[in-house]
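**Q** Chain residues, written in single-letter form:
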Amino acid sequence: MNPTPSVREELQAYETSDVVIASVLEETWRAIVESRETATLDELHLCLVNPAVASPALKESKYFTQSCQALRDEKLIVINEQFLLEIEAAIRSFAQSESLLGCPYIKSDAKMFGLVHTIKSNLSRQLRRLRRQTQRSTAEPDAEQHLRHELALVTLFFMGHELGHFFSGHPRGQFAAFVDPDAALEQQIEDAVVKLCRHVDEFAPTQFDLPGFEQAADESSNVRRVAEEYRELDERRFGMQEAFFANEAQADEWANRIIIAHLEAVAKDDLIEAERSLYLLTRGVFVAALYTWYRDLDVFGRKLTGGSISDVSELTLAMAQGREQYIHAAALFGEHHRFTLLRAVLALETIMRAQTIWFDSPQSERSIHCEHDARAIATDLTLRREWWLSESLQRYFLLCISMDTAVKIANVGCATGWILNADNTRGSPQMLLMNFEAIDKAVNHLRRMQ
Amino acid sequence: MDETIVKKIKTEADKGIEAGNMRQTDRASLHFNNALNLAEDLEDERTRRDEISLLATLFEMYDFPDLALPAAEEAVELDRSLGLDSLLGQDLLTVGNAHSMMENTVKAEALFQEALEIFLKRDEWANAASASTNIAGIVANGGDIPRAIEILKTSLEYLVREPFDDTEINTRLTLLQAMELEGHDIEHTIENARLLCSRFWDKMTDMHRNVAREFVARAVERHPSSNSAAWKVETFPMLYR
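Those protein sequence lines, which keep their order, are chains A and B.
Using our numbering, read the first sequence as starting at 1 and increasing by one per residue.
Using our numbering, read the second sequence as starting at 451 and increasing by one per residue.
Just so you know, these hints were derived from the structure itself, not from any lab.
Computed from a prediction, not measured in an experiment: that's the story for all the values here.
Even glycine gets a Cβ: it sits at the ideal position worked out from N, Cα and C.
Watch out, some of these pointers could steer you wrong.
[Claimed, not checked] Simulated restraints on C-beta separations:
(1) A:306 to B:600: 53 to 61 Å
(2) A:306 to B:495: 53 to 61 Å
(3) A:444 to B:600: 31 to 39 Å
With the rest of the complex left out, here is chain A (with noise of 0.2 Å):
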């Protein structure tokens, strides 16, 4: 009889039958080996889990992860084969459209929903429909190895983040926390209004502020005193929290170093070639991060109003019911995470600036949009180069603008304390309305950019 393998045997033993996840990691790989940023690193594993072949053993071990995860110990990265199909499949999806502005998903909160209920609802027949797109004899003939390369560098900004937690000397780390649909939401005020100013306080001096909620980053305000006493109800577990959240942001700065040291690689050899890696590199983050935050939404809005959401000024009214709405919308920004599209934003702009003088230009020489004629584009090398950069500035200030509702939860909900304070005090709770704004709003702001 054989004997029942291990978990870590059956992890190893597990390989993927999919030919583009194998091709994908096998250039995350290569980039990794390659890199001049991972040169000391003496031994590594990559492994990929599938929830849909894994033992319940292996669902309930260390190794199990629900997107990408770091065990230094065993020098080990484990990533989810779902994540990745799911994230493969949104980058498919928005790829049908070749300009940001064209593409349908930026219409409304509702389409963004459809595009997370229609991949959730049938992952792997939404896969092959999309996947088909590129094999047929009209297909633009470098269009499957563009989205697989694009596909690559997005696991390669995944797994940067897991080589961070080994390089950075913490035990354990995983590239991010999701709202969990079988999960009750959170009920603790303390937890989550100290989680929320820790939010806060990474959002305000990136420019996340929100204006007349300024006493919520100042920590020597009212607000900021009501929430330090919840704190110190448990400051042992606070303090290791937030020794977490610190070594989340020490990974993505190491993420950020692997990035860059790629592209600066690839420039080497063909700069052209650095520019569209770039463009695809902004392309996948993008919808990674915009695609998880609206699942994250979804799986939110249903366990706080019992039905669906299909756009944020449901989520308004939804928000509006009570003061502990607030509390619950601590689960939208993971355990000790840094949020998903302030992680994003943080990166694009590091990766951006390394790799262009965009940033660094006069305010008056530069713009966010190609006015060039899409034909011109198509035909010429030059303009095409031009209009990466702008897709790719389109898609990092859409995202900055995409913030506000996470913004605006994190404040109201590290304020909430102190709210409840003057609720009593006054006697009766005062009505507070925080508008989100839609999809297509942050659009026609984009639009206005220059």
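With the hints as your guide, set chain B onto chain A.
**A** Leaving out everything else, chain B in the frame of chain A:
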């Protein structure tokens, strides 16, 4: 087997239409997607082609170019393998429209051109006019108004050979806009507007009428007889009665 699937496709498509009409876009996309999944499972290639092509047009009408594109591309592939030339041209138009809706203009123009060539070869003049007018729209958006006007005039010549009201309305409306943008000869502009309004006013949608009203008002102002109330009533009775 296929019959049962076709019924299910209709049910899902109807649910999608109902959700779309209620502006429940997220729900509509799920039902439309279910309908497409079912259609892809049809065994008989011709039935599969017909259902998928129909769905592609429906998705386009309900502003789902992301669903219309893969569906219409599949229909095109089936048209080619089944040797359905005329339907191939029409499905190419749907693929082109889906690309156009997603601002993939170079791809859209190439597809409209391919469809146009098929229709011209087959003497299908109304379809040729439709393809040609779509090309003109892209050319106009690209800024080449004189060329767009020439293409639109060619579309009208095709429509003389085989009239088709919807395409003529679209063609003349686009021509009206293009002529204004170019500062075209006012007599020609007014004549196009007059033909559009006198022939098709009853068949035009409210949106078309509003567009026509605005453009006609501006064109009339440029005309030497603009001060003559009698001329206005005589030329555009539906607007100046």
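**Q** Please check whether residue 306 of chain A and residue 495 of chain B have a Cβ separation lying inside 53 to 61 Å.
**A** violated, 45 Å
**Q** Looking only at beta-carbon atoms, does the pair residue 444 of chain A, residue 600 of chain B fall within the given range of 31 to 39 Å?
**A** holds, 35 Å
**Q** Is 53 to 61 Å respected by the C-beta to C-beta distance linking residue 306 of chain A and residue 600 of chain B?
**A** With a Cβ separation near 59 Å, residue 306 of chain A and residue 600 of chain B satisfy 53 to 61 Å, so the hint holds.
The structure fails hint 2 only (numbered hints given earlier).
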